[in-house]
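Chains as they are written, first to last, in the numbering used here: chain A, 1 to 304; chain B, 305 to 608.
Among these hints, one or two may not hold up.
Residues from chain A shown here face chain B by an in silico Cβ test under 10 angstroms; the list is partial [to be verified]: (1) Pro22; (2) Ala26; (3) Leu88; (4) Tyr89; (5) Lys207; (6) Leu228.
By construction, these hints were calculated from the structure, which means they are not laboratory data.
Every residue, glycine too, gets a C-beta built ideally from N, C-alpha and C.
Number of protein chains: 2
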Amino acid sequence: MGNKKQKVLAVGSVALDTVKTPFGKAERALGGSATFFSASARFFSDVSVVAVVGEDFPQKHLQLLKNLKIDTRDLKVASGKTFHWEGLYSYDLNNPKTLKTELNVFEHFKPVLSDENRSQRFVFLANIDPEIQLTVLKQVRNPLFSACDTMNFWIGTKKKALLSLLKNVDIFLCNDGEARQLSGEYGLLQAAKWILSRGPKLLVIKKGEHGVTCFSKKFTFVAPAYPLEQVFDPTGAGDSFAGGFISYLTRSHNLDEATVRKAVIYGSVLASYNVESFSLNRLVSLKPSEIDSRYEHFKELTKF
Amino acid sequence: MGNKKQKVLAVGSVALDTVKTPFGKAERALGGSATFFSASARFFSDVSVVAVVGEDFPQKHLQLLKNLKIDTRDLKVASGKTFHWEGLYSYDLNNPKTLKTELNVFEHFKPVLSDENRSQRFVFLANIDPEIQLTVLKQVRNPLFSACDTMNFWIGTKKKALLSLLKNVDIFLCNDGEARQLSGEYGLLQAAKWILSRGPKLLVIKKGEHGVTCFSKKFTFVAPAYPLEQVFDPTGAGDSFAGGFISYLTRSHNLDEATVRKAVIYGSVLASYNVESFSLNRLVSLKPSEIDSRYEHFKELTKF
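Could you put together the complete structure from these sequences and hints?
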């Protein structure tokens, strides 16, 4: 995984997460969509993160991001408190119960990109307000490809802005429930057709422990999830998937079918490691050789 | 799919099903675990069905089984009514609501095999009382391999008999909920280890629209389900899967890893066709060339 690295721009949240699972609790641990994305994406490309944190954001977290070689020039510190999410997972690890969402400094987040970041060619817009996602995308001069994620809340409250965004991105990532909600179609294939007709070249539907299905107008790729002994904390699974997926495409510099299929598996590998521990713990200790060996194991598990 | 056919013995229910789905209703249509199994298994091997029906069982259904070249010498007609199941599917097509289970002639079913069937080498014990499954298995003189299915009801009421049966079969098929219930383990890998330690060489966990995971002590195979435009009626999905899976193994005459992997995909293909229509309608009209082409499409959908 050597050669000269491409860079991906990642816009999203950097947050403090309080998470309870059947296996333990983490209090105000480092989290957020852009954080999980970046910690995962760094294995295949450079990353510059665009986000805002409050004055309470621990210095050690900033230092950790820097140690991971994540470019933080557009990670702003604003007066106020950092975005805080509190969630509870029961044994159904696909669906956390949100106990608190304190947007804090994120409420007035109006990212203005540095000049260097306006020249990035690869853009990932992690789950935030679609109006902000579009504002950021428009600041990038000449993207080679862009991708976005979203959540049920934005589909419910800002569907129009989200549909405008979809016209402008190459890749859309969401989960199965969101694909159904957005399209109004119960069947996943029908939902996929509906979404692809709205703009994106590629649609990636994440189904948690049931894997990923990737749709384009030319092909469909169905991948199961990597079977794990134990899912310790699912927080960040979707964002670490996106990190592996998008950065592999970034490194490969194209969206051809064979590359997309491999990227889905690399994304799944990164997500499978991420959920083995709280916060970024596993992504921080992860080695490239471990990514390779789980990718090979994935091949073994699925070949016929 | 020519050459001299092996034969598989299939014990289970032949029933009349009343099924309501969001897409329509079928009244007292031909159903039952052994029926779906046999109509699917006939593509790869000969089948002899062991079951009982009542005097009300329509002659046209008997004729249909014969037209499909299913051996009915051990399908007995008893005085009384045929087993009748009534189920309702809402949009969550994985979980039907059972409205009626009228066992009727099945309540006193004590199968006694014909001499020819005591010599069969391949046995499938579809979901019925595990005590009956074991009684049948013991009548077979020298099976090369045997397989069984079960359901939550038997795990709850006859766990001991089921565990005795598991010591005597080579292959166990169940769904994910049943694997968890039987083992008392929440994680599927842990549940699989528990079950494999009870006897079977091979465990096949069916997850409906989320595919199949197959475990042995030597390998694990993870397969997604075939993505369908519309699931019309899921009744018999598990049994038609078993039909394709077991008959492919029967034809191949072994349980080696490569054969098992292919058999899982053939089973998934048969199940995917079965759910496209009520009762046996799709399995009856299905052509071997359609099985081959969906198998090839499965390869396309999953390769990376």
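Results for each hint:
Here the hint on proline 22(A) is kept, as its CB sits about 9 angstroms from the closest CB of chain B, short of 10 angstroms. A hinted interface residue such as alanine 26(A) counts as satisfied when its beta carbon comes closer than 10 angstroms to some beta carbon of chain B; here the least separation is about 21 angstroms, so the hint is violated. Using the Cβ-Cβ criterion of 10 angstroms, the hint placing leucine 88(A) at the interface with chain B is not satisfied: the shortest such distance is roughly 17 angstroms. For tyrosine 89(A), the interface hint is violated, the least distance from its beta-carbon to any beta-carbon of chain B being 13 angstroms, above 10 angstroms.
With 10 angstroms as the threshold, the beta carbon of lysine 207(A) comes within range of chain B, its nearest partner Cβ sitting at about 8 angstroms, so the hint holds. The beta carbon of leucine 228(A) is positioned within 10 angstroms of a beta carbon in chain B (closest approach about 7 angstroms), and the interface hint is therefore held.
Hints 2, 3 and 4 from the list above are not met by this structure, while the remaining hints are.
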